[in-house]
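So the sequence lines, in the order shown, correspond to chains A and B.
The working numbering puts the first residue of the first sequence at 391, with every later residue one more than the last.
The working numbering puts the first residue of the second sequence at 19, with every later residue one more than the last.
Do not rely on the hints blindly, as some may be mistaken.
[To be verified] Partner residues are not named here, just some residues of chain B that face chain A (Cβ under 10 Å, in silico):
hint	residue
1	Gly60
2	Leu63
3	Pro118
Honestly, the hints are just simulated from the structure, not real lab data.
Quick caveat: nothing in here was measured; it's all calculated off a predicted structure.
For each residue, glycine too, the CB sits at the ideal point set by N, CA and C.
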Amino acid sequence: AQSVTQLGSHVSVSEGALVLLRCNYSSSVPPYLFWYVQYPNQGLQLLLKYTTGATLVKGINGFEAEFKKSETSFHLTKPSAHMSDAAEYFCAVSPSGTYKYIFGTGTRLKVLA
Amino acid sequence: EAGVAQSPRYKIIEKRQSVAFWCNPISGHATLYWYQQILGQGPKLLIQFQNNGVVDDSQLPKDRFSAERLKGVDSTLKIQPAKLEDSAVYLCASSFSGDPKNIQYFGAGTRLSVL
Numbered sequence: 391a392q393s394v395t396q397l398g399s400h401v402s403v404s405e406g407a408l409v410l411l412r413c414n415y416s417s418s419v420p421p422y423l424f425w426y427v428q429y430p431n432q433g434l435q436l437l438l439k440y441t442t443g444a445t446l447v448k449g450i451n452g453f454e455a456e457f458k459k460s461e462t463s464f465h466l467t468k469p470s471a472h473m474s475d476a477a478e479y480f481c482a483v484s485p486s487g488t489y490k491y492i493f494g495t496g497t498r499l500k501v502l503a
Numbered sequence: 019e020a021g022v023a024q025s026p027r028y029k030i031i032e033k034r035q036s037v038a039f040w041c042n043p044i045s046g047h048a049t050l051y052w053y054q055q056i057l058g059q060g061p062k063l064l065i066q067f068q069n070n071g072v073v074d075d076s077q078l079p080k081d082r083f084s085a086e087r088l089k090g091v092d093s094t095l096k097i098q099p100a101k102l103e104d105s106a107v108y109l110c111a112s113s114f115s116g117d118p119k120n121i122q123y124f125g126a127g128t129r130l131s132v133l
């Protein structure tokens, strides 16, 4: 069965520091990959997605992610954290040939002043 | 454009009671999803509609959960009777079509507490 693993349920970074949130998936065939952000008491908002083509994907708010097939990873990065980045981040996959999204358990990002 | 609307935002009930949630998707979106998000977990798909037909309800506990999208627009999700483990946020999402490349837009959710 397809699965998504997000390493670290909580990550803390200082304001201005690099943000790195990890996501690994299990699939023999590259799926579609997504990162969503959820602010308190709000729904999920798409940050970026990978379907085909360029493996480095740029999203909103300065975030980007790189699809690495050999590592079955899709880690999310941002060069410089801002206080407004504090939220929960979910990695999701849509296995090839299906219409389903499978979400990871989420990583809560805390940004320290 | 208006986003996905859900109501109520919060609901507190006792176990064995019934409850219903409502969702109005983005205009023109054919596909509607209901997810259950238990605290500390990612959203789990309960049911997916394409227009007014069910595409996937494999993870819907059909003995107590039901959902409908009669006119292919808004949708209701019902739980009857509720159990303690149903405490969660119920998220509705919509997309232009069921193609996973299409973005899913999420509502703010309904937070259900079952006492």
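Hints, one by one, checked against the model:
About 3 Å separates the beta-carbon of glycine 60 of chain B from the nearest beta-carbon of chain A, less than 10 Å, and the hint is met. At a threshold of 10 Å, the smallest CB-CB gap from leucine 63 of chain B to chain A is about 6 Å, leaving the interface hint in force. Interface hint status for proline 118 of chain B: upheld, as the beta-carbon distance to the closest one in chain A is roughly 4 Å, under 10 Å.
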